[in-house]
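Engineer: So you can see what is in the structure, the chains are spelled out below.
Number of protein chains: 2
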Amino acid sequence: MFEFTVLQKGEGSARLGKLQIRDMKVETPVFMPVGTYAAVKAVSPQDLKDIGVQIILSNAYHLYLRPGEKLIKNLGGIHSFTGWDGGYLTDSGGFQIFSLSPLRKIEQDGVTFRSHLDGSKKFLTPEDIVQIEVDIGADIIMPLDVCLAAESSHEEAQKAATITVQWAKRSKSIFRRIGGTGTLFCIVQGNMYKDLRERCANDLSEIDFPGYAIGGLSVGEDKSTMYNVIEYTTPLLPENRPRYLMGVGAPGDILEAVLRGVDMFDSVLPTRNARNATVFIPGGKLLLRNAQLQEDKNAIQNDCHCYTCRNFSRAYIRHLFKTRELLAYRLATIHNLYYLTHFLAQLREALKRDRLKQFYEDFKRGML
Amino acid sequence: MFEFTVLQKGEGSARLGKLQIRDMKVETPVFMPVGTYAAVKAVSPQDLKDIGVQIILSNAYHLYLRPGEKLIKNLGGIHSFTGWDGGYLTDSGGFQIFSLSPLRKIEQDGVTFRSHLDGSKKFLTPEDIVQIEVDIGADIIMPLDVCLAAESSHEEAQKAATITVQWAKRSKSIFRRIGGTGTLFCIVQGNMYKDLRERCANDLSEIDFPGYAIGGLSVGEDKSTMYNVIEYTTPLLPENRPRYLMGVGAPGDILEAVLRGVDMFDSVLPTRNARNATVFIPGGKLLLRNAQLQEDKNAIQNDCHCYTCRNFSRAYIRHLFKTRELLAYRLATIHNLYYLTHFLAQLREALKRDRLKQFYEDFKRGML
Chain R
-10 MFEFTVLQKG EGSARLGKLQ IRDMKVETPV FMPVGTYAAV KAVSPQDLKD IGVQIILSNA
50 YHLYLRPGEK LIKNLGGIHS FTGWDGGYLT DSGGFQIFSL SPLRKIEQDG VTFRSHLDGS
110 KKFLTPEDIV QIEVDIGADI IMPLDVCLAA ESSHEEAQKA ATITVQWAKR SKSIFRRIGG
170 TGTLFCIVQG NMYKDLRERC ANDLSEIDFP GYAIGGLSVG EDKSTMYNVI EYTTPLLPEN
230 RPRYLMGVGA PGDILEAVLR GVDMFDSVLP TRNARNATVF IPGGKLLLRN AQLQEDKNAI
290 QNDCHCYTCR NFSRAYIRHL FKTRELLAYR LATIHNLYYL THFLAQLREA LKRDRLKQFY
350 EDFKRGML
Chain C
-10 MFEFTVLQKG EGSARLGKLQ IRDMKVETPV FMPVGTYAAV KAVSPQDLKD IGVQIILSNA
50 YHLYLRPGEK LIKNLGGIHS FTGWDGGYLT DSGGFQIFSL SPLRKIEQDG VTFRSHLDGS
110 KKFLTPEDIV QIEVDIGADI IMPLDVCLAA ESSHEEAQKA ATITVQWAKR SKSIFRRIGG
170 TGTLFCIVQG NMYKDLRERC ANDLSEIDFP GYAIGGLSVG EDKSTMYNVI EYTTPLLPEN
230 RPRYLMGVGA PGDILEAVLR GVDMFDSVLP TRNARNATVF IPGGKLLLRN AQLQEDKNAI
290 QNDCHCYTCR NFSRAYIRHL FKTRELLAYR LATIHNLYYL THFLAQLREA LKRDRLKQFY
350 EDFKRGML
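Sequences listed follow chains R and C, in order. Under the working numbering, the residue at position 284 of the first sequence is numbered 273, and the numbers go up by one with no gaps. Under the working numbering, the residue at position 162 of the second sequence is numbered 151, and the numbers go up by one with no gaps.
These aren't lab readings, by the way, just hints derived from the structure by calculation. Please note that a few of the clues may not be correct.
You can't tell identical chains apart in this list, so a pair holds if it fits in one copy or across any two.
Stated by the list, open to error - With a Cα cut of at most 27 Å, we get these calculated DSSO-like pairs of lysine-lysine:
hint, residue 1, residue 2
1, Lys212, Lys14
2, Lys311, Lys158
3, Lys158, Lys111
4, Lys14, Lys353
5, Lys158, Lys286
6, Lys111, Lys311
7, Lys158, Lys353
Since we're looking at a predicted model, the values are computed, not measured.
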């Protein structure tokens, strides 16, 4: 079962919504941590539950290469395989194929690439990718798309968007035919070109999908460009469908996107930053290797209720990073995911109380 | 407060005992996981609590170099610094100075060595080491000793044992003068020479300490030699004092040592093995990278109640090791520490019920 309801509208184009995924209700706007290889790096499913995470992401391309989607299927699907019974969204891996593969060739029919693991040549169609994601057993499935860098030409971008729409159509057909559980979203491409985003959004809306992702952003463009693309893209999407901005996880960017009508987010930012000893705090970031923290008895964030902040000082976590103790990565990751999960919860609360403008001002003043 | 009581005697020289450390009761025989740098590798204090661990080990030499004992003191001591409110034993680091330092010179007065981190020259007396451990705030403090390799000559071993006794005496004096909290143990040396072990044990018994460690074993000798040294050493020690065999953590070795009258153990074995994808199971070890486990739905050990075995399959943990996910190290470590903690709990239960012989046979048959 999959359902999306807009519960309330707020400042700008912001929406408070509810995703029903199987028997689980997920309030939106929501942030989804990334677990590329069927594990959110450095934390356990129990950690994610404790943090309040409801839905996470994995990557079909990576799981296809290792351990293989059939293995996951044989072991009862991704939820059973990983012990995570919350929501699972799988990205197709289109972005990874284009960024990681040493050789790749996009043709009408599909994509040829080399595995970044062993160099072996692979060919995958959009149909293959859907089958892989159905085998994995994801709750939300992203189709194969063509994602370009920020500086791509109009011609390239047009070609990519056209193929993306064709592939989305084919993905929908095969998905219907397979009769898989889960829900197939689509992805709006078009690079930074308004006419292409419009055409792509219109074409996909006509085909009709239960959810619409905005892809091809956070690929090197400046922030004002990104906000602008979001701003003119969301009104082109069906009102009653969730909108998912792919690859965006900085609190400020999430806030700007929510104000422009986005409901779902994912990014490796909080987990990757954490492993590099960089954690979110109100007003910015804290670098945990900083010598100034050497004897700092404070928690990363004193008013934070995560396991890390309730139990450990900046001085101790700094020591763990300096001695490369594995616990360091987990503690920092727990904080960053909690910070972002809590940030979204506060944002939704502000939306409910029609105080999003105040929330925005508080954030800009470094209070959140 | 520190107190040790032998509650019951069993098979061979086995003893069931109770350590009172501050307000905490620790049943013996007990295994203490090692957290060299003030953190048991890959797990959190909460993980240790959940596993049932009551007392852990850290290393004065390592903490002196990084982050420095004064820093730990300024932050309220090791318990407050690390968030671990269970028992803390600090090893002096004598063994580490001798094994890690590129240059080391033992003199009557103390030891000169180079930091294995930056090569800087250091000189530490037994008094310095006690002061460091008092600053750290350990519950049980080990004095500086001289630990040799298995193939040392009688002359070398005699010299080392003599210095060890002198240093123990000096450690006791300074410890009294400082009036530190915690409890100072002593360490019996003498390599594999019975006459030297005897003399060392007698000398230390005369000085009188609240606890006696057997050092200088598990340094390259074969198992029968090790068991033999333990067998003739424990009767030389005061009956009413805890006996701590340093650096031994294999279940079979623990069992043999318990039968010979040992009460306390520590070793990096369970945690180091875990990070190398090797876990304890009844009857031996399981190599988690093994291709045969690729689709194995079983837990590492189906009847184990640890977090890992309650939630994850061998296939998934193998996948985590293959993809180098940090979660792999934590899950394997949790299992190994749980296995060993549970093994000791079963052993104590067998002791209580006067069934240690049966326990021994069950172990030998691979049932434990």
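Engineer: Compare the structure with each hint and give your call.
Structural biologist: Okay, the hints, checked on the actual structure:
In this assembly of identical chains, lysine 212 and lysine 14 lie within 27 Å of each other by CA distance neither inside one copy nor across copies; the values are 32 Å within and 59 Å between. In this assembly of identical chains, the alpha carbons of lysine 311 and lysine 158 never lie at most 27 Å apart, being 51 Å within a copy and 36 Å across copies at closest. Proximity of lysine 158 and lysine 111 under a CA criterion of 27 Å is satisfied intra-copy only: 22 Å inside one chain copy versus 71 Å between copies. Neither within a single protomer nor between protomers do lysine 14 and lysine 353 lie at most 27 Å apart by alpha-carbon distance, with minima of 30 Å and 52 Å respectively.
Neither within a single protomer nor between protomers do lysine 158 and lysine 286 lie at most 27 Å apart by alpha-carbon distance, with minima of 56 Å and 37 Å respectively. Taking the shortest alpha-carbon separations for lysine 111 and lysine 311, only the inter-copy value of 21 Å comes in at or below 27 Å, while the best intra-copy value is 41 Å. When the C-alpha separation of lysine 158 and lysine 353 is checked against a cutoff of 27 Å, the pair qualifies neither within a copy, at 42 Å, nor between copies, at 63 Å.
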